[in-house]
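Each chain is listed here by its residues.
There are 2 protein chains.
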Amino acid sequence: MLYCVTGCAGFIGSHMVDCLLEQGHDVIGIDNFSTGLHPFLDHAKQSPRFKLITGDLQDPSVATKAIQHVDAVFHFAANADVRWGTHYPHKDLEQNTIVTFNVLEAMRANQIQKIAFASTGSIYGEATIFPTPEHAPFPIQTSLYGASKLAAEGFIQAYCEGFGCQAYIFRFVSILGERYTHGHVFDFYKQLLQHPEQLQILGNGKQRKSYLYVKDCIDAILFAMKHATEKVNIFNLGTDEYCQVDDSINWICHYLNRIPERIYTGGERGWIGDNPFIFLDCSKIRKLGWKPTLSIQQGVVQTIDFLKHNTWIVEQR
Amino acid sequence: MLYCVTGCAGFIGSHMVDCLLEQGHDVIGIDNFSTGLHPFLDHAKQSPRFKLITGDLQDPSVATKAIQHVDAVFHFAANADVRWGTHYPHKDLEQNTIVTFNVLEAMRANQIQKIAFASTGSIYGEATIFPTPEHAPFPIQTSLYGASKLAAEGFIQAYCEGFGCQAYIFRFVSILGERYTHGHVFDFYKQLLQHPEQLQILGNGKQRKSYLYVKDCIDAILFAMKHATEKVNIFNLGTDEYCQVDDSINWICHYLNRIPERIYTGGERGWIGDNPFIFLDCSKIRKLGWKPTLSIQQGVVQTIDFLKHNTWIVEQR
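Top to bottom, those sequences are chains R and C.
Residue numbering for the first sequence follows the working numbering, starting at 24 and increasing by one per position.
Residue numbering for the second sequence follows the working numbering, starting at 24 and increasing by one per position.
The following block holds chain R by itself, in its conformation from the complex (with noise of 0.2 Å):
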């Protein structure tokens, strides 16, 4: 098979083109190396089955050019980072909401009927249910981030009524992994780095956050691809618990083994928009068959773990 990855050079996009290469298929990548790295596609880069586009798909002919002939997409290009919606709102409708509507007029131009996304147990809002199913009430968007992926996930789903397509839409909880390069992980990290005798938390460290390993979520998301047939097919993807930020510290300190000063900046939220709970029902890829191989805390320590063997990560951020 041939398929595309957009966001190619990302954290969860790198390991898809990866794992597709090491299944045999063929894969044309695109990335516009806002935030990918390079390095996460040395692999690929090795094989002769992967081709690499530089673009950027707010212009719509990249997106027309770079999608054609293939079986599927998998679009996981994005403003991946949900804590400054409110410093740059024009990033989120841009690089998440309109780039995923050229995607789909390219898929329609090209009559490519398959696609993957990338979305988030973000655009549960606040929820109200927990563990959070993907049919929980009409959820209140509460961050531009969630918005934009909502929107999102609404074209590709009227597309799917519009124009046949079938899509996958993955709400993910926050992964964790080789290749990770930003979230509270990081931080603590790069934190500990500079100044291991103190360590500032964003919020009271009490906010219960949800946490998947990455190349977990990469086998889930293939997982459901082959076994679920609908027109619009929707998963949650998370592991069945969840996590304190304090627990999340104190895995990390263990590992890294350093005891600093915890200056916390108070209140239930770390930011604007920010969720104090985060815990998905993932029962419905769970009773398809598929479950994940690392709990939240060694999805943790694998990550720290990684990002102490390659500190070029967190000294360029």
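What the hints contain is simulated information worked out from the structure, not anything from laboratory work.
Careful: at least some of the hints might be erroneous.
To be verified - On the chain C side, residues computed to face chain R include the following (Cβ under 7 Å):
hint, residue
1, Leu116
2, His158
3, Ala159
4, Phe161
5, Ile163
6, Thr165
7, Ser166
8, Ala170
9, Phe178
10, Ala181
11, Gly185
For glycine and all other residues, C-beta sits at the position ideal for the given N, C-alpha and C.
Please build the complex by placing chain C on the supplied structure of chain R, with the hints as guidance.
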């Protein structure tokens, strides 16, 4: 108070302008006249308290200049036709989602805190609960129109959380009454003008739809804004009933004293993305104390009566 009404020359927008002026407020109206009609502003233009800006809100600088010093924005500018989404997908993205984003950015730049937004019952897609409440299970979009309005809703909600705005989001059923310029009553009337002996009906005529009289709609919006105080206030707006397309045809034919041959295109959907059953649970706004004055049947008759006395509208479209 000074209010801004976007889409001020449209069906619903022009009624809001008239109502606000009648209540003694000052009004800045914006329209690009892509579908809005100057005659709908004949009354407003006689008032020294009305200022008309002709401009396209797809240009952010138009939005920023127009939306200044106002107490609230009534954002009604939109591509309002659910039926042609698959023909012009860009229109829904640009005129509904991006224009709403531009309005929000203009509000942020000019420190405007309150917005009323014309959303749609179409965002419930093919609902599974009837009547459908605001907190229905997270829907799947079935039309570009619904998707683009859902996207707009999401951004409005995120701006409320991120920038402290207050929003009133109204999910309308189809609106009927004076100045109605598109939709099934319009189509049927136009056909009966052109060939009174024959009526072509999209679908099987059994589609169950809900309608609300435009002046009841305006009344409901202002009522909700007076009595609801949440950060994000979402209300379904409709009557507590639905009708079949065939009922509506009966009322129209009876009023016009016509007995056309009915030719059905067949199928439970009139077009791609047509929703065979729309029936919203409006108990939330009813509990606040509002109620409609006209039934669906009365609204249909009022609309036909308006068209009969304003055939120029039918002739120009």
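_Min Cβ distance, C/Ile163 to chain R: is it shorter than 7 Å?_
holds, 5 Å
*Quick one, is the C/Leu116 hint okay against chain R at 7 Å, beta carbons?*
This interface hint holds because 5 Å falls under the 7 Å limit.
*Does the interface hint hold: is C/Phe161 within less than 7 Å of chain R, judged Cβ to Cβ?*
Result: holds, 5 Å to nearest chain R Cβ.
*Holds or violated: is there a CB of chain R closer than 7 Å to the CB of C/Gly185?*
Hint on C/Gly185: holds, closest Cβ of chain R at ~4 Å, below 7 Å.
*Does the interface hint hold: is C/Ser166 within less than 7 Å of chain R, judged Cβ to Cβ?*
Where the cut-off is 7 Å and the nearest Cβ of chain R is about 6 Å from C/Ser166, the hint holds.
*Have a go at the C/Ala159 hint: is there a Cβ in chain R nearer than 7 Å to its own Cβ?*
holds, 5 Å
*asked:* Hint validation: C/Phe178 versus chain R, beta carbon distance must be below 7 Å. Holds or violated?
replied: Since chain R brings a Cβ to about 5 Å from C/Phe178, closer than 7 Å, the hint holds.
*Mind checking the CB of C/Ala181 against every CB in chain R and telling me if the closest is under 7 Å?*
Since the shortest Cβ distance to chain R is 4 Å, the answer is holds.
*Quick one, is the C/Ala170 hint okay against chain R at 7 Å, beta carbons?*
With a closest approach of 4 Å, the C/Ala170 hint holds.
*Closer than 7 Å between Cβ atoms is the bar; does C/Thr165 clear it against chain R? Give me holds or violated.*
holds, 4 Å
_Just to be careful: measuring from the Cβ of C/His158 to every Cβ in chain R, is the smallest value less than 7 Å?_
holds, 4 Å
Violated hints are absent here; each numbered hint is respected by the structure.
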